[in-house]
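**Q** Chains D, B and A, in that order, are what the protein sequence lines are.
Residues 1 to 128, numbered by our numbering, are exactly what the first sequence covers, in order.
Residues 1001 to 1260, numbered by our numbering, are exactly what the second sequence covers, in order.
Residues 2001 to 2385, numbered by our numbering, are exactly what the third sequence covers, in order.
Since the hints were made in silico from the structure, they are not lab data.
A few of these clues could be false.
Below 25 Å or equal to it, Euclidean Cα-Cα: the simulated DSS-like pairs (lysine-lysine) are [stated by the list, open to error]:
#, chain 1, residue 1, chain 2, residue 2
1, A, 2007, D, 100
2, B, 1104, B, 1210
3, A, 2308, B, 1107
4, D, 83, B, 1058
5, B, 1210, D, 40
6, D, 83, D, 40
7, A, 2007, D, 4
8, D, 45, B, 1247
9, D, 4, D, 126
10, A, 2271, A, 2083
11, D, 42, B, 1247
12, B, 1116, B, 1074
13, B, 1210, D, 83
14, B, 1186, D, 100
15, A, 2374, A, 2007
16, D, 45, D, 102
17, D, 126, B, 1186
18, A, 2230, A, 2083
19, B, 1247, D, 126
20, B, 1137, D, 102
21, B, 1058, B, 1186
22, A, 2007, B, 1104
23, A, 2308, D, 2
24, B, 1034, D, 42
25, A, 2271, A, 2079
26, B, 1247, A, 2238
27, B, 1210, D, 126
28, A, 2083, B, 1085
29, A, 2374, A, 2079
30, A, 2083, A, 2308
Examples of chain A residues lying across from chain B (beta carbon under 10 Å, computed) [stated by the list, open to error]:
#, residue
31, 2041
32, 2113
33, 2187
34, 2195
35, 2223
Think of the CB as a built atom: it goes at the ideal place given N, C-alpha and C, for glycine as much as any other residue.
Residues per chain are reported as follows:
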Amino acid sequence: MKDKNMILAGLVVFIVVITFPFWFNMGKAAPAPELELTAKAKAAKTCVMPTAFMTAEHMQLLDVWRHNVVRSGERMFVNADGKLFDMSLSNTCLDCHSNKEKFCDRCHDYASVDPYCWDCHIDNPKGE
Amino acid sequence: MKNSRRRFLQIAGVSALGLGAKPVLNAFALGGGKGYHVASGEDALTAEQWAMVIDTRKLQTAEAVEPIIEACNKIHNIPTAIDNKNHEVKWIWEDHYHHVFPDKTNKFLDEAVEHKPFLLLCNHCENPPCCRVCPTKATFKRESDGIVLMDFHRCIGCRFCMAACPFGARSFNFRDPRPFIEANNKEFPTRMKGVVEKCNFCAERLAIGKMPACVEASNGAIAFGDLYDEHSVVRELLKENYTIRRKQTLGTEPSVYYIV
Amino acid sequence: MLELAVKGNKWYWGWMVVLLGVIGAGFGLYLMQLKFGLGITGMSRDVSWGFYIANFTYLVGVAAGGVMVVLPYYLHDYKAYGKITILGEFLAIASIVMCLLFILVDLGQPMRALNVLLYPTTNSVLFYDAVVLNGYLFLNLVIGWNVLEAERNGVHYQSWLKPLIYISIPWAVSIHTVTAYLYCGLPGRHFWLTAILAPRFLASAFAAGPALLILLCLFIRRFTNFDPGKAQIQALAKTVAYAISINVFFLLCEVFVGFYSNIPGHMDHLKYLFVGLHGHGALVPWMWASMIFMATGIVLTVTPATRKNETSLMIACIVIVLGTWIDKGLGMISGGFVPNPMHQVNEYAPTMPEIGITLGVYAIGALVLTVLYKMAVGVKEEIHD
């Protein structure tokens, strides 16, 4: 065990390095982002589904939309209240939420996720 | 003992199935539990197998086909400003008879055929080799209406479909197409680098009751309808005219017919 | 056994540093490709597969070629090969690693590669190719490692390895068969649309793999204390002689069918490769060089005197490796895409970044091979002492 000190020192360095992000950010928790709604979104009062559902599960819902539109050609969404929507990220979601920076991005940045929807889907289609 | 083993096998079997059908199950599970459902729009046009008849007698010059190609390019955000020919993206384009029908070319052709442009696009084959080779079902033949479609979200960019297509109908995004789109249609998505794309028979327009853009822009030179509805405009034309298709001997059964 | 690979002289470490440098440069170029897209390669709408897939195809052959030592040893009890089966298996491992990397660098969206498993598609040959290649990698790792370790410990390898060894023999044939099926089942690509493609791939594989193995054996004898053996090298050379002859025979069969039938679709690709088509003939000198190389290889390996002389045998192996690489790597893929389905000629040539990335992948393969061979040779040297 002549390498005992070396091993211990190595272990300490290893632990410090892998826990670096935790203690570096300690006490600096970023506040939850404030999302801004456009006038159009405010006027609509509720999204295609209740707000709590949308906050937690909009990605799963978008996945259902994508799957049905692309693979089955079913474009019509009927919510619990029987209201109809065209299942289109650009033309429905982003038409209302036309302020990507103040709506989509704030939360995505906070959660450190980088969805590439906008590589193809055009944000703010009407250019408002 | 015996029972529990059978139960285990059942569960294992169902789980194995679930692995393949996961996206579909997700859709059901979410839809079922949350009180919403999805449906086709009421205006949607339907067919057993969409087909197209191109009357080349009505398209004698480059000027005649240009607006047709342009209509498609505009509506689908085709990056027409790419100047490197290697990286070209084309959904519908024109070429000479002997390139379109290399196996039906005579040494001495009548001049009209020799010189007039022929429109080329995905044939939406009934036995599409592209769908057969795709390792992820990113390109697939839609069962409801026979359109050969691309799921750009799923394509891994292996380009097997490009090797499989005998008609050169597919393009690959060798780079980000966005800077090269001249006419931006904000209602239709663009594509990203690294995926394959091609004509989609305007599935997005059929879904809201509109004819494909090229058909609309063709002044009646292109007809579109259900191949298996004997009263459809397509079948009427096939009954009255001699038509040819590209490379019929390969057995892919193209759905685009030409009246020469 | 890995500890054998961390002891070496300055040549060994110098070689490793060179390889790491090439790998680093290749990786840098790959990052460029990730950012820009596959547009930094010479591929096009018409020639949609290029250098990456060509080298992938060639290396599947090298991997399958390893079976030419495994099969006589385990099926025919040809004892002499016992000494070198490990070299064949480890060559297969390094080759498969490169194959998988070539597929990965060829993808437009590599982050989605696992979609192949997430949406398994049993009608796609690519799905089966992924299965057989990974399976072959796994088989060779398990077999090679355990047999070598048993040899080091002076015991017989574990009995449960036996079925795996038997499975690995047809499995080697399967990897190149499935790879040929990628191409030969496509309507409208007449150059590939031939039932002889899989046999032809196997013939060139059983020439190129063992030829490379002979070169590696000669290298090992020269620079280490382990001698793979004269009889072994001569036996391998006979395999090479038959395989390269059959490979050229198959090619001539293709030429006969194309030109005697006089069907344009079958002739055009061969014309493009060997005499040029519509004024385009970038590959013509390459293809003739390949023919000369393979013909020289046949003469040198079939003639007993030149086969038995290890200097001329070495030359034969070098020209056979080069000849089959041009034939399969350059000609086979480009040849299938030119002319395109509209009978237009758009030629392909790899770009500098594309070649750089390719070299990077080869360097990774060389690194894997060096480490594995270092271990194998280390064990062999230990036993002899």
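**Q** It remains to establish, for every hint, whether it holds in the given structure.
**A** Results of checking the hints against the structure:
1. 2007(A) / 100(D): violated (57 Å)
2. 1104(B) / 1210(B): violated (34 Å)
3. 2308(A) / 1107(B): This hinted pair is violated, its Cα atoms lying about 57 Å apart.
4. 83(D) / 1058(B): violated (46 Å)
5. 1210(B) / 40(D): With a Cα-Cα distance of about 28 Å, the restraint between residue 1210(B) and residue 40(D) is violated, given a limit of 25 Å.
6. 83(D) / 40(D): Roughly 17 Å between the alpha carbons, so the hint for residue 83(D) and residue 40(D) holds.
7. 2007(A) / 4(D): OK: residue 2007(A) and residue 4(D) at ~23 Å, within 25 Å.
8. 45(D) / 1247(B): violated (57 Å)
9. 4(D) / 126(D): The hint is violated at about 68 Å.
10. 2271(A) / 2083(A): Violated - the C-alpha atoms of residue 2083(A) and residue 2271(A) are around 45 Å apart, more than 25 Å.
11. 42(D) / 1247(B): violated (57 Å)
12. 1116(B) / 1074(B): Answer holds: residue 1116(B) to residue 1074(B) is near 24 Å, not above 25 Å.
13. 1210(B) / 83(D): holds (23 Å)
14. 1186(B) / 100(D): Between residue 1186(B) and residue 100(D) the Cα gap is close to 15 Å, so the pair holds against 25 Å.
15. 2374(A) / 2007(A): holds (9 Å)
16. 45(D) / 102(D): holds (18 Å)
17. 126(D) / 1186(B): holds (7 Å)
18. 2230(A) / 2083(A): At roughly 11 Å apart (the allowed maximum being 25 Å), residue 2083(A) and residue 2230(A) satisfy the hint.
19. 1247(B) / 126(D): The hint is violated at about 44 Å.
20. 1137(B) / 102(D): Violated, at roughly 36 Å.
21. 1058(B) / 1186(B): violated (32 Å)
22. 2007(A) / 1104(B): Given pair residue 2007(A), residue 1104(B) is violated - Cα atoms ~68 Å apart, limit 25 Å.
23. 2308(A) / 2(D): Distance ~55 Å between residue 2308(A) and residue 2(D) Cα, so the pair is violated.
24. 1034(B) / 42(D): The hint holds at about 23 Å.
25. 2271(A) / 2079(A): This hinted pair is violated, its Cα atoms lying about 47 Å apart.
26. 1247(B) / 2238(A): violated (46 Å)
27. 1210(B) / 126(D): Measuring from Cα to Cα gives roughly 21 Å; hence the hint holds.
28. 2083(A) / 1085(B): Measuring from Cα to Cα gives roughly 54 Å; hence the hint is violated.
29. 2374(A) / 2079(A): Holds: residue 2374(A) and residue 2079(A) sit about 23 Å apart, inside 25 Å.
30. 2083(A) / 2308(A): Holds - the C-alpha atoms of residue 2308(A) and residue 2083(A) are around 20 Å apart, at most 25 Å.
31. 2041: This interface hint holds because 8 Å falls under the 10 Å limit.
32. 2113: Holds - the Cβ of residue 2113(A) comes within 10 Å of chain B, reaching about 6 Å at its closest.
33. 2187: Holds, because the Cβ-Cβ distance from residue 2187(A) to chain B comes to roughly 4 Å (cut-off 10 Å).
34. 2195: Result: violated, 17 Å to nearest chain B Cβ.
35. 2223: Hint on residue 2223(A): violated, closest Cβ of chain B at ~40 Å, above 10 Å.
Going down the numbered hints, you'll see the structure goes against 1, 2, 3, 4, 5, 8, 9, 10, 11, 19, 20, 21, 22, 23, 25, 26, 28, 34, 35, while the others check out.
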